[in-house]
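Chemist: Sequence order for the protein chains is A and B. For the first sequence, the tail end lands on 494 under this note's numbering, and the numbers increase by one without skipping. For the second sequence, the tail end lands on 988 under this note's numbering, and the numbers increase by one without skipping.
Don't take each hint at face value.
To be clear about the criterion: a stretch of chain B counts as covered by chain A if any three or more of its residues have a C-beta under 8 Å from a C-beta of chain A, and this derived list gives those stretches [to be verified]:
#, region
1, 592-601
2, 638-645
3, 725-736
4, 743-749
5, 768-775
6, 957-968
Far from chain B, some chain A residues (derived; all Cβ distances over 12 Å) [what the hints assert, rightly or not]:
#, residue
7, 97
8, 100
9, 379
10, 465
Everything labelled a hint here was simulated from the structure, so no lab data went into it. The beta-carbon is built from N, C-alpha and C at its ideal position, and this holds for glycine as well.
Protein chains: 2
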Amino acid sequence: MAQVKAVGLIGGGVIGAGWAARLALNGIEVRVFDPDPEAKRKIDTVLENARRAMAKLTLAPLHESAAIHVVPTLEEAVAETDFVQESLPEREELKRDLLAAASRAARRDAVIASSTSGLLPSRLQADMAGPERFVVGHPFNPVYLLPLVEVCGGATTSPGTIEQAIAFYRSIGMHPLHVRQEIDGFIADRLLEAVWREGLWLVNDGVATTTEIDDAIRYGAGLRWSFMGTFLTYRLAGGEAGMRHFLAQFGPALRLPWTKLEAPELTDALIERIAGQSDAQAAGTSIRDLERLRDDCLVAVLQGLRSRNYGAGATLNAHEEKLYETAHRRVMGNGDDVSQPLALHRGRVAPDWIDYNGHMTESRYLQVFGDSSDALFRYVGIDADYHAAGKSYYTVETHIMNLREVGAAEPFHTTTQILAVDDKRLHIFHHLTATREDVVLATAEQMLLHVDIKAGRTVPAEAPILARLQRIAAAHAALPTPDGAGRFVGAPRR
Amino acid sequence: MAQVKAVGLIGGGVIGAGWAARLALNGIEVRVFDPDPEAKRKIDTVLENARRAMAKLTLAPLHESAAIHVVPTLEEAVAETDFVQESLPEREELKRDLLAAASRAARRDAVIASSTSGLLPSRLQADMAGPERFVVGHPFNPVYLLPLVEVCGGATTSPGTIEQAIAFYRSIGMHPLHVRQEIDGFIADRLLEAVWREGLWLVNDGVATTTEIDDAIRYGAGLRWSFMGTFLTYRLAGGEAGMRHFLAQFGPALRLPWTKLEAPELTDALIERIAGQSDAQAAGTSIRDLERLRDDCLVAVLQGLRSRNYGAGATLNAHEEKLYETAHRRVMGNGDDVSQPLALHRGRVAPDWIDYNGHMTESRYLQVFGDSSDALFRYVGIDADYHAAGKSYYTVETHIMNLREVGAAEPFHTTTQILAVDDKRLHIFHHLTATREDVVLATAEQMLLHVDIKAGRTVPAEAPILARLQRIAAAHAALPTPDGAGRFVGAPRR
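Chain A with its partners taken away, still in its complex shape (with noise of 0.2 Å):
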């Protein structure tokens, strides 16, 4: 199998169309099959879906789409492409069939993959021409961002065609896992039924609903499960005395009737195999140091999910706005002393702000000062109603100055000053300070022009916006010039 170029699809629906979504996302032509009359309408929806999801994942150069053909016939499907994926339902009948199919009319180099979620290879493979380079790869929802994907083999297959399914699935940016030995519902969908089958047992009895399950996980262990599996979680959970202790400790709940499966029995020999296994996937790392990547891993996670106020980042903000509480709230009265620049936004470098150097990126700069810009707005009484009335400020000119890196995750704070304000201008410095170290990290220069955006010209400021920013520029005008300011690019250093 050379590069491939081309995949061919059998089958558009949630699984075929995030297949199909990856692919063209990845450059890759791809040829569907899918008798439903719906199934462009559908491939385009989920299409969109993932350049949405992969416009804000990353900042990397994606390839050149390429196109999605939804075609009428496996045979044109299959018949020109360099690798096959079949996902269709989960009955052994149709797979096999269109599998044999697919074999007499793809290209005799063609790996043929099937998403299964646990059918057993070899039997899939059982009717096909050429059934050597048939190969499980069984991905997950939604295909387009999740990267797991589980290559399994069957009896007939060859190791050339695991190693090439291998290749091409990392070329796409994935985590193939070799599933080595064949067993109904691979390792993923096991664990996976276990919890499904586990949870219906509960809304069968009475006891929760679907909505208790499933925040059972994903306030808890399900935040653990996105970056760290149940046996190295486990080793933690021993503490310093790792997985023998926690094996020690919590064998005797297998007997226990904490799930409706019954547990192997905690053997001397399975304890030993537990526990080699462990170390050899600790590696070394000592549980203390686990227990920071564990720990900083949850961090990351949590912020992530802060950002978008859901799950557990909807407690952690609903306890952060508790703490915030007590903390001061500035609203400006004519009381409030304006002599100092002006600190009026603070946050924390997010983990997408940072670039292949491993810190904030340049433009993550001009949008916490551009922030800064507007917490000014509206502490001098610029609100939404101004915004809609067609009045904003526009800035047209700024020079930043980058002093010092910084990190993900590292809280930050801005100072504003007003350098000059007339009616239509207003010229203001920005300082951003790394506020743990409290170091400057940068600075901004800005010019901004007040406009009438629908006349799309200049237009003074409305007076009691203009009265409350010249009253700071008069207390801003004792403050000495900042370094910076009036500087031009690549002018000497003072």
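Since the structure of chain A is provided, determine the placement of chain B on it from the hints.
Modeler: Just chain B now, kept in the frame of chain A:
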């Protein structure tokens, strides 16, 4: 129970110490009884982890942290406290005995809670004095970061006790989940235990290692579980047709041997119950909006993990590196015509780049200019290996002129002119142009320094890179100086 000022902890292991840390950092005094002579040291270690994590997690003004006292007797731990939390090993006899002792030593109005993962509250409270104030409060490790706590009363627990416990846990930033029906393992551990036991079988049967089992979760379903449970996830897996369709499609798989756990029979009544509860859970949000919520959360989680370069975050990093390498790899040949400003970057204004004025927000201008600088670097041969060797150009100064507004979906391109280059400095000038109207939207003049990232100082660029930059600069020397070069903010317009 008034506002809780002091909590008595019975047991200072991984869970007890986690409670101590969460409580102390929320300003609540803690008294711990644990006969382990190492208890104090172990608790201090967990507290240190917790302090470190909280400092990264939130900027909110935390409570002044309260003292943690390790005391020699159970009585001293509980006598003067408002709330008692027991976190002993999962042995019913042991817990019963110490809970009974605590019930006699504690104040009559103190709530007494157990951290048990799954023992029945009706049995744990049986020997207590005042068993109506007993409740299960089951947390998750690390207790100081994970918000979930399952709250479950026993046969003699009063409703007021449950209310008090829920209010208390919420006040310390947790998400209390009321387990309404007493059951072994409650809700969370029934699911966790099913995963754990299925995983043990896989190791026992030699199907997979602990590493492979963990990877089968953390690169796939685990990412979803950090914000969305199985039921809502599967509602989305059903596509536009939702939960009923999913049950119809995957119902037959419940009879397949995909786990050792037998499923309940999927009767019409059970389907109706699940679908009804799932509808209530979705609360009218469409499948499409839920998909986007899911995707936004996945993006946030993946970006968080990318910042830690761990698990799926490491997969994303590796894929981005490949994209950076390949997408813009135009290896500069000697024959390239570089007499004009270089057109190396183009794109389209994304919908989420638009601000409250309806135009591209100012920080995105700098993003486009930064992307143009990156395109120049790649053009002259600076690649991931170069960055991996710790060398990079850093922007130190930027001057932007905003000339025209631009709306969503507009195509744009940039051109880049080299004004000057020496071994450490690079002085460039970008134009951003709206492609359709061919009008200049903004310009940026930038000074960059070539740095050794680890050493944190400027160093000369490597010879081949410098030679290419110098060849371009020599050609660009014949071009006119761009309008705005050398300008400072507020200078009179020419």
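Chemist: Find the hints from earlier in the document that the structure breaks and name them by number, from lowest to highest.
Modeler: The structure breaks hints 1, 6; every other hint is satisfied.
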